[in-house]
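Taken in sequence, the protein lines are chains A and B.
Mapping the first sequence onto the working numbering, position 327 (from 1) lands on 327, and the numbers just tick up by one.
Mapping the second sequence onto the working numbering, position 268 (from 1) lands on 268, and the numbers just tick up by one.
To be clear, the hints were calculated from the coordinates, so they are not data collected in a lab.
Just so you know, not all the hints are guaranteed correct.
As the list claims (entries may be wrong) - Cut-off 20 Å, straight-line C-alpha distance, at most; resulting in silico cross-link-like pairs (DMTMM-like, lysine to aspartate or glutamate):
no., chain 1, residue 1, chain 2, residue 2
1, A, K171, B, D297
2, B, K131, B, E157
3, B, K219, A, D283
4, A, K40, A, E30
5, A, K171, B, E294
6, B, K148, B, D134
7, B, K219, A, D133
8, A, K40, B, E175
9, A, K60, A, D161
10, A, K171, A, D195
What the hints assert, rightly or not - Across the chosen pairs, the derived CB separations fall in these ranges:
no., chain 1, residue 1, chain 2, residue 2, range
11, B, D220, A, P299, 21 to 31 Å
12, B, N124, A, R44, 24 to 34 Å
13, A, P299, B, G121, 22 to 32 Å
14, A, P127, B, L79, 48 to 58 Å
15, B, N300, A, A88, 52 to 62 Å
16, B, P128, A, P299, 16 to 26 Å
17, B, P327, A, P315, 42 to 52 Å
18, B, S65, A, T45, 36 to 46 Å
A virtual CB, placed ideally from N, CA and C, is assigned to each residue, including glycine.
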Amino acid sequence: MTDSVRATHAPAQETAAATATATAPLISLEGIEVVYQIRKGFFRTGQVHALNDVSLEVAKGETVALVGESGSGKSTLGRVSLRLIAPARGRVVFDGQDITAAPEESLGWLRRRAQIVFQDPFSSLNPYFRVYDLIEEPLIIDGVPAEERRQRVYRALEAVDLVPAPRFASKYPTMMSGGQRQRVGIARALVRDPDYIVADEPVSMIDASSRVEILNLLRTIQTERGVSFLYITHDIASARTFADRIAVMYLGTIVEIGSAAQVIDRPLHPYTRALINAIPEPDPRNRFRHREVVPGEPPTSGAFPRGCPFFSRCPDRIPGLCDIDRPMLQEVEPGHFVACHRVTDNVASG
Amino acid sequence: MPVAKRDSAARSVLYSDGMTAPAPLLAVEDLHLHYVSGGRVVRAVDGVSFTIERRGEAVGIVGESGSGKTSLAVALMRLLPKNVVRFDGSIRLEGQDIRALSEDEFRREIRWRRIAMVFQGAMNVLNPVLKIGDQIAEPLQLDGRLSKQAIRSRVNELLVRVGLSPEFATRYPHELSGGQKQRVVLAMALVLDPDVLILDEPTSALDVSVQAQIMNLLKDLKQDPGISMIFITHDIGLASDLCDHIAVAYAGWHAEYGPAERVLLEPRHPYARLLLASLPRLRATTPPQPMPGEPPDLTNPPAGCRFHPRCPYRFAPCDTDVPPPIPIGDGGHARCWLNDPGVAGDLYLAHLKEPAGVSHD
């Protein structure tokens with residue numbers, strides 16, 4: 001395996017751009033930086049850096065998983081890609097159009113073509129609306145005629161397997177299970193016939209037995225309609241099932257990106273390795289062994305560290321280098337990029 | 001193996017040949033806990049049995065929301081809400097039926113002293129204006145038996161035991177990270193030196209890398225001081241990280257119960273089997289399989305086997321006859337007619353023989 005692995009030293013910006021497939025990307029995020037203002041006490045404010053120079057592309061019909069722990073910036077990046085958050089620096093391009101600084105009132109077309117599915121199907125659906133009204137609402141905003149609205153609502157319900165559609169259309173969300181509610185959330189996104197959907201932890205609040213159905217449904221939508229997905233998750237195992245490529249985020253940066261198989265079978269960043277080691281798969285031998293863990297927890301606030309964001313927890317860190325010099329993404333095999341000064345050692349050790 | 005702290009010979013069962021064997025540490029048999037809610041009876045725990053043989057063993061209760069796993073914990077701690085309409089069965093702690101104790105006796109002798117619990121989300125309800133050390137020490141101060149000096153050293157000992165330095169005693173909760181708070185909550189549950197610790201989703205609010213740290217700590221506590229655990233989780237993979245026995249809860253029942261090896265590798269209940277097959281795996285050779293149907297309504301569970309409407313293997317008796325816990329022969333049981341040769345005939349163990357779930361590399 002390692003024979004084909006080759007380290008290059010091209011600048012991060014160029015190599016990140018090279019991850020796209022031959023066709024033009026649908027979404028292109030370049031050098032994104034996001035800083036949140038927070039209150040610190042009554043009069044003072046502080047800054048929390050959420051994203052630090054992140055670049056990512058999503059091709060047409062591609063699913064990219066953003067994997068990371070809370071505070072890694074994965075949800076923020078998803079919202080930047082929808083221009084729900086304007087970045088402090090960097091460029092957001094949707095289907096060739098630069099939307100970085102476009103005024104909100106000019107983004108009506110984007111609000112139709114790009115959708116989001118939220119994590120919590122219990123709080124993201126208005127309990128006083130029937131399912132029909134929930135799904136119809138965006139079409140009213142779009143000015144779609146009544147008869148066409150009805151057909152599209154039923155088609156969307158059928159697309160998410162809530163059949164017979166008229167029966168589910170008349171229900172209220174509280175009458176449905178978590179899995180069914182999440183289907184309503186997906187139907188609401190689908191009804192505008194989007195090109196791009198951000199799915200932000202769409203299965204983390206659903207019972208285990210319903211998760212696969214929802215992921216399979218998203219997969220079907222992707223293949224049948226050619227929709228591009230940004231799948232935001234903390235569960236790297238589900239990313240393997242659902243995504244073409246995986247980007248691993250830590251503290252506001254992408255530390256590793258590649259095909260799902262590359263990242264899971266040949267993880268090269270110490271954080272990716274730790275993330276994979278930490279996952280308990282059902283195996284009765286697990287209880288007889290201690291897991292190799294990285295110590296500590298990600299820092300929760302303040303400015304970005306000067307060097308590698310993972311320095312404070314990294315088992316392989318090189319003091320004097322990693323804490324001073326921020327490692328850039330390097331291509332170690334075609335399409336597989338890692339931001340780590342140790343990457344050549346790790347490639348060698350496989 | 002850790003040394004028993006109490007004289008367990010005092011509470012032992014007399015065998016027919018006159019020999020005595022120590023009673024199991026905890027034996028739960030045919031436990032029921034029903035509530036009434038909106039005029040309807042919720043059968044949250046409906047005939048549940050399991051055993052913790054000895055100190056340092058852990059049993060996992062795995063189930064989806066509404067399967068009755070937290071209600072089981074509530075029953076064991078006897079923290080019953082007012083709307084309970086049925087609470088029976090036996091809960092034997094080293095042979096003594098603690099379910100039969102009066103509330104006063106239970107509070108004085110059992111709750112927190114012998115069976116303690118870490119509640120789901122407990123790390124988020126630490127008192128924000130009390131120092132960590134004072135929060136851990138509170139039960140000891142109320143107890144009044146230890147001197148101030150002794151309490152302080154006990155708090156320090158507990159902090160070290162859960163992987164924190166004694167300096168944490170003087171900190172406030174907001175100064176701690178999520179993983180550190182969860183360690184504090186564990187120290188609080190251990191303060192009266194319980195034999196059995198119930199853990200309800202103790203890592204669900206934590207990131208996976210921190211979860212792994214906490215699971216390592218729980219493994220240590222099983223070994224030394226030999227705490228027995230009841231580990232409640234929706235994640236069967238996480239249960240395999242700690243538990244010697246696993247019960248798979250479904251609609252108030254334990255659909256399947258037995259040694260971790262059997263339940264994970266050769267599940268005898270279709271629900272356990274399908275649950276394992278539905279998990280996305282890191283290195284799977286086959287894609288995860290969706291589970292058909294929706295979980296049942298506990299106020300109106302299906303007749304016969306509660307899983308039968310979702311079960312691809314159902315046959316004649318399943319929609320009418322309630323399957324009892326059918327013994328497997330390894331101390332475990334499965335509530336599925338396929339395990340009874342008298343009922344299943346040619347179907348006996350059909351569909352259940354091939355190992356499901358774990359692929360050994």
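Outcome of the hint check:
no.: 1; hint: A:K171 with B:D297; in the structure: holds, 17 Å
no.: 2; hint: B:K131 with B:E157; in the structure: holds, 16 Å
no.: 3; hint: B:K219 with A:D283; in the structure: holds, 15 Å
no.: 4; hint: A:K40 with A:E30; in the structure: violated, 31 Å
no.: 5; hint: A:K171 with B:E294; in the structure: holds, 16 Å
no.: 6; hint: B:K148 with B:D134; in the structure: holds, 11 Å
no.: 7; hint: B:K219 with A:D133; in the structure: violated, 51 Å
no.: 8; hint: A:K40 with B:E175; in the structure: holds, 15 Å
no.: 9; hint: A:K60 with A:D161; in the structure: violated, 24 Å
no.: 10; hint: A:K171 with A:D195; in the structure: violated, 28 Å
no.: 11; hint: B:D220 with A:P299: 21 to 31 Å; in the structure: holds, 26 Å
no.: 12; hint: B:N124 with A:R44: 24 to 34 Å; in the structure: holds, 26 Å
no.: 13; hint: A:P299 with B:G121: 22 to 32 Å; in the structure: holds, 23 Å
no.: 14; hint: A:P127 with B:L79: 48 to 58 Å; in the structure: violated, 30 Å
no.: 15; hint: B:N300 with A:A88: 52 to 62 Å; in the structure: holds, 55 Å
no.: 16; hint: B:P128 with A:P299: 16 to 26 Å; in the structure: holds, 21 Å
no.: 17; hint: B:P327 with A:P315: 42 to 52 Å; in the structure: holds, 47 Å
no.: 18; hint: B:S65 with A:T45: 36 to 46 Å; in the structure: holds, 40 Å
Checked against the numbered hints above, the structure violates hints 4, 7, 9, 10 and 14; every other hint is satisfied.
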